[in-house]
Structures are given as structure tokens and as C-alpha cells.
Amino acid sequence: MGNEVLHVLYDDDDVLMKAVKDIREKKHHIEEVYTPFPVHGLDKALGLEGTKLAITAFIYGFIGLIVSIVMMNYIMIQDWPQDIGGKPSFSYLQNMPAFVPIMFELTVYFAAHLMVVTFYMRSKLWPFKKAENPNPLTTDDKFLIEILIDNNKKDLINFVKTTGAIEVKVIQKKA
Amino acid sequence: MNYIFTKNIRNTSLTLIIIGALGLAYGFLSTPSSVSEAQDMVSVSDHKEGHESPSSDDHDQDVIETHQDDHAIKTSGHNSEGSTEIHQEDTTSLTSQHNDKVDSQEHEVDHGEHLLHQLQNRPWAALYVAALFFFMIPLGVLAFYAINRAAQAGWSIVLFRVMEGITGYLLPGSITIFIILVLSVMHLNHLFIWMDPEVVAHDELIQGKSAYLNTTWFLVRALFYMFGWNIYRYISRKISISQDKGDYLKNHKKNFRLAAGFLVFYIYSESMMSWDWIMSIDPHWFSTLFGWYVFASMFVTGITVIALVTIYLKAEGHLDFVNASHIHNLGLFMFGGSVFWAYLWFSQFMLIWYSNIPEEVTYFITRIEDYNLPFFGMLAMNLVFPFLVLMNRDYKRNNFLIVMAGIIIVLGHYIDVYNMIMPSAVGDQWYFGIPEIGGFMFFMGLFILFTFKSLEKAPLLASGDPFLGESKHFHY
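Going line by line, the protein sequences match chains B and F. In terms of this note's numbering, the first sequence is residues 1 to 175. In terms of this note's numbering, the second sequence is residues 1 to 476.
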């Protein structure tokens, strides 16, 4: 029983949004929603917790900033000081304006790349991973809601049919 | 739905205007009228600089009189740091002609004359900085408004009337600026040294620019820009109000086309305005991205003021249709605008700092040596503070934090304008004193008065706009 789920297919994102709200109102558990594109406001309708990716982005950017400062200090001040444009590299602070573009770039670089890596890890995605997508139509123009079936299968099926679904299927999930 | 101009606002603005006017008057009355008076003032105000001792004995007085005419010509160009080079050349050439003693006396006269000009400029500069700063707010808002019209933005419809209210200060602001420019042309002050024919006669660089930098052409251009901005504001406002009554799509298209055309005019005229009214105060110095830099400053200030006025009106219970997402969007623009401003500021600074060409770098040397605190303090106020406060999503939806960040941004950009004008006008004789605060209060009073007066004249909701529904339901 516990492994049985309902796959409900929709063909419009507005209908989907309404269906998600209705299903949640009836206290049914939505396992997952598959959509061909990001549907605005779906995360809120599903009651998902806000992402913490922004916080990690700030931390990564900060790390990038520190790395660039340490790096430029080593390269331009300690290891091989040069006199560029009449500005001898004796002090990091006095040469700092020249390093700002590098500080900026590395901040962005670290934030962007590490954020992508974090996102992939968090979503359990990696190269050559087999797709989890249950229905290829959701990569085209259809939307799918996966609902956990509880005690009353028939009522649930009848109810979701009223929400504008174009197809309802009972699927036995592998354990 | 209409906003009614309250007694509270009227009293506040009138109080500001009166106190500000008194402050400005004090500034004008307390300027020195002679060199010795100027030197007395400076030596009294700071004892630390002992070398500027007052030359009050008879012998020195004689020297001043005999050499005054000779030096009026040489020194009149000295209120710009760009001409410090000439100053040094002058003194070196003098050394070869006169003996050391005479030279040092000449130098003292030179210095006193220079000081007098700076101190006489100070109330004018305080007036001009504040007038320009408050004029640039409706100008920035006008650009933001036209961009929203031209982009046919859906979210900002509920804020259109607030923007139109703020641009209500555009016409009075233009008039105040124009009066100050005319007074400068009439040689009542020495803000623009290139207007002085005696300076131009001895300055080859300004002579080369005189086809552009001459008083007639200068005033014609000023009239031309002001006409363009004000006529757009007038027509667009008229269309916007007639849209409330009907012909929604036709009026929408009209305003769309008008805004697109206006933006082309604006970006040229704004850039030239910044050369004329700000950069020409240093006639030797130039920067190619100065127009953008000034634009960024007025753009972010304008958006900040939109947010402040919106939050004020909402707190008074007038803007029910403005939700947290609209404030959030304005917060995003404040954040983005601050970063954009800093980007342009740094682009200008770093290129000049790195290449280290004397005629360019003098601009920043004066600012770093004589204006260290306002110059770097402005970076903290305009970049670091809004960057850290407005980064968080929830903070942008918090009215209190938007107001806090907004006040800092507005003051920070006042200091930005201050840094553009003051170093060339008064040199190291700057101070945030009664004339500066008075000027700020005076124009803030005018600004508040005209903004809220024009808010009163139309309903606060542009109810005829075809995108109104989208704007009301805007959520982010």
C-alpha cells in the first residue's frame, strides 16, 4: 500500500497551480511535481521551505573575495613586486584599486560555480545519472503531480479527476 | 482616492524653507570682503596652520596694494585645482625676475587673494550644490518614469502618480538652477572660472574650449535641456491624466512612443548637462564617463525618493494598492542602482588613478587630500551600507529598513554632489556649516512643497492604465 502513488497529468500550469492548492487543502500528500519549465509560485503553493542557496552564495562569494586578496597579495606584493605606472608594489593597500577588478571577478566566479555545484549536489544530480522523470511528456508540455495514496484510493482518484486532470494513473513504486 | 495636501506638510516645508533661507543669508553675509579679512577668518578658525598668519602690519598692506593689480590677472584662475600647475609655473618664473624676498611676499598675496575667492565662493557653492542635488531628484525620477513607460512595465503602474508628483518639482527646480547660472554669467560669483574673460585670456586650454564653453551658448544649452525635460513632463502628465477618463489604449500608446523618444533626448542632454553644470567647474579636467556617473547618482537618488514618498503616503493610508512586492522592487532598484553608481565611480577613479596623468589625477588628489572623509565616507554610505542592508530579500520588504537605507543613500548622494562641486569652488576651505545645511534645508523644503502640491492635483491611482490589473496583483 505505502508504495502506491498516483500520477496525475495536467496540460496547463494555471490548472496545475489550482490543483496543487486544492489537493493540499484536502490534506493529501504530494510527493513531487514534474514540470517542463519553472512554474512561478509553485514552491509557495507546495509549502516548500525557502531555499538556503542564497546564504551559500554569500558565503562562497566571501570565500572568493578572501582568496583573491590573499592571491594578489602573494603574487603582486610578496613574491614578485613590480613598479607599474610609477606605483611600486610595496603595500597591498596602496595598490588595492588595481586589484579590485580581480577581487570582483573572483567573488562572482566562486559564488557562481560553487553555487551550481551545491545545487547539483542538493538535487542529487551528477553526470550520467539516470533520469528520475516518470513521464517523458513532462519534458514537453505536460505537468505531472505525484500523490501518495493513503487509505481511500477511490475517493482520491475521483477527487483529482475533478481538478482538471487529463490523465490519472496508479503506479506501483519500486521500494 | 485623491491626496489632500496636509497642514503638516505645509508647515514642515515652510519651516525648512525659512530656516534654510536664514542659513543661506547668514552664509552670504559672513563672507569676507577683503584679503586681510579672509586671512583673519582662516587663522582664527584653525590655529594649527601657523603659516597662514594674518598680514595686518602696514608693510604687508602696502605690498598687497602695490601688487594687487599685477596679481589679479595671475591669480584669478586659482580656484580650480587644475590650475595649481600654472600657479607653480608663475612662482618659478617670478623667482628668476625678482629676488627671494619679493617672491615670498608675492606668494603671500597670491595665497590671500586665492583664499578670498574661495571664501567668497563658499555660500554660492553651498547654494548651488543643494539646488543641483534637489533638481537632480525629479530628473532621475523622470528617467525612471520614462523607462517604465517605454518598457511598458506592468508592475509600476500604481507608482506612476507618485513619480509624477515628484517630477512636479522639475519646473521650479529648473528655474532655480537657471537663475543661479544666470547670476554666475553676470559675474556675481566665481563658480565657473571660464566665465571670467581675464582667466580665459591667460589660459590656453580654456581658449581652446571657448567655442563650446562661452556664456551665451552655455545659457542657450541650459534652456534647451530644461525645455526638453519640462515639455516631456508636461505632455506625459497630461496624457496620463486624460487616460483616467478614457481612450485607454490610445493614450497608452501615445505615452509609450513619447517616452521612447524622450529617452533618446534625455541621455544626450543629461550627459551634456553634466559637462556644462558640473564638469566645467574644473575647465581643465575631463572624464568621458562623467555623464553616466552623474546619471547613476541621480537615478538611484530618484528611485530612493520614490520609495520614501511611497512609504510615507502608505503610512498615511493613501496607497492601499501598493503592496510589499512593489516596495521590494524599489528596494531591488536601490540596491542595483547603488552598485551601478559604485561601478561607474570606480571605473572613473581607477583609470585616472592608474594612468596617473597630472592634468587628470589632480582631480582625485584634491579630493583624497582635502576631502578625505566626505570622499571615502560617501563610498561607505552609497555602496557598503545599502549593499549589506538591501542584499537580504526580507529586508527589502521591510519598510523601516528601506527608509533607513533610503535616508543614508539620499544623504550619501548629496555628499557625492558636494564632492563634485566644492573642491573646485572652495578648495580646502570646505566645511559642513550653516550655509550648507541651510541650502539643503531650503531646497528640501521647496522640494517637499512642490512634490506634495502636485500629488494633490490628480488621483493617486492611474486608474485608466491597461496594465493596472497586473500592477495591483503584482507579487514577487
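Careful, some of the hints might be misleading.
[Said to hold, decoys possible] A few chain B positions that, by computed beta-carbon distances, are all more than 12 Å from chain F:
1) Val15
2) Lys26
3) Glu146
[Stated by the list, open to error] Straight-line alpha carbon distances no greater than 35 Å define the calculated DSBU-like cross-link-like pairs of lysine-lysine that follow:
4) Lys472/F to Lys21/B
5) Lys44/B to Lys472/F
6) Lys52/B to Lys453/F
7) Lys21/B to Lys314/F
8) Lys314/F to Lys18/B
9) Lys314/F to Lys44/B
Since the hints were derived computationally from the structure, they do not count as laboratory data. This structure is a prediction, so every number in the text was calculated from the model and none was measured. Built from N, CA and C at the ideal position, the CB exists for glycine as well.
Here is what the structure says about each hint:
For Val15/B, the requirement that its beta carbon stay farther than 12 Å from each beta carbon of chain F is met, with the minimum near 19 Å. Distance to chain F confirms Lys26/B as a non-interface residue, since its nearest Cβ pair spans about 25 Å, more than 12 Å. At roughly 27 Å from the closest C-beta of chain F, the C-beta of Glu146/B stays outside 12 Å, upholding its exclusion from the interface. Proximity of Lys472/F to Lys21/B is assessed by CA-CA distance (about 22 Å); at most 35 Å being required, the pair is judged to hold.
Proximity of Lys44/B to Lys472/F is assessed by CA-CA distance (about 20 Å); at most 35 Å being required, the pair is judged to hold. In summary, the hint linking Lys52/B to Lys453/F is not supported, as the alpha carbons are separated by about 46 Å, beyond the 35 Å threshold. For a cut-off of 35 Å, the pair hint linking Lys21/B to Lys314/F stands: about 31 Å separates their Cα positions. Between Lys314/F and Lys18/B, the direct Cα distance comes to roughly 32 Å. Compliance with the 35 Å bound is thereby established for this hinted pair.
Distance restraint check for Lys314/F and Lys44/B: the Cα-Cα separation of roughly 27 Å lies within the 35 Å cut-off, and the hinted pair is therefore satisfied.
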